[in-house]
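Numbering (our numbering), first residue to last: 58 to 166.
Heads up, a few of these hints could be off.
To be verified - Lysine-lysine pairs mimicking DSS-like chemistry, simulated, CA-CA at most 27 angstroms apart:
hint	residue 1	residue 2
1	K100	K78
2	K120	K100
3	K120	K78
Hints in this document: simulated from the structure, not taken from any laboratory. These numbers were taken from a predicted model, which means no experiment stands behind them.
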Amino acid sequence: MTPAPQLTDAAAARVAAIAAKQAQPAILRLSVEGGGCSGFQYKFALADAPESDDAVSENAGVKLVVDPVSLDLVAGSSVDFVESLSGAAFRVENPQAAAGCGCGSSFGI
58 MTPAPQLTDA
68 AAARVAAIAA
78 KQAQPAILRL
88 SVEGGGCSGF
98 QYKFALADAP
108 ESDDAVSENA
118 GVKLVVDPVS
128 LDLVAGSSVD
138 FVESLSGAAF
148 RVENPQAAAG
158 CGCGSSFGI
C-alpha cells in the first residue's frame, strides 16, 4: 500500500483555521498537475468530503486527501505550513522529487 502524505502540526492548524473561517470541513485536498517550472505542480484546495478512492491521513482532526493518480507522485511526503519573509504557504516535502524550484510549488521526478 502506498503511504499517504502526512500533515504537520503547523499545516493542520492552518487548515483548521481556514476551514473555520470559511465554514467548511477541515479537509485539505492535495493534487498534482502537469506544469510549473519543474514539470509538475502541487495544488491545494479545501474539500467537502473525501472521494471513495482517495488516500486519507489525519492530524488533529484535519484530513489530508489525495487522489490515486497524484498519490503515486507524493507518496511518503509531508505537507507543512511555513511562514517566512517571502510570505506564508503550504510546502510539500517530497522525498521523490529529484528537482524543485525556488517557489517550492513545482517539482520534477
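How the hints compare with the structure:
1. K100 x K78: holds (20 angstroms)
2. K120 x K100: holds (16 angstroms)
3. K120 x K78: Satisfied, since the Cα-Cα distance of roughly 17 angstroms is no more than 27 angstroms.
In summary, the structure agrees with every hint in the numbered list given earlier.
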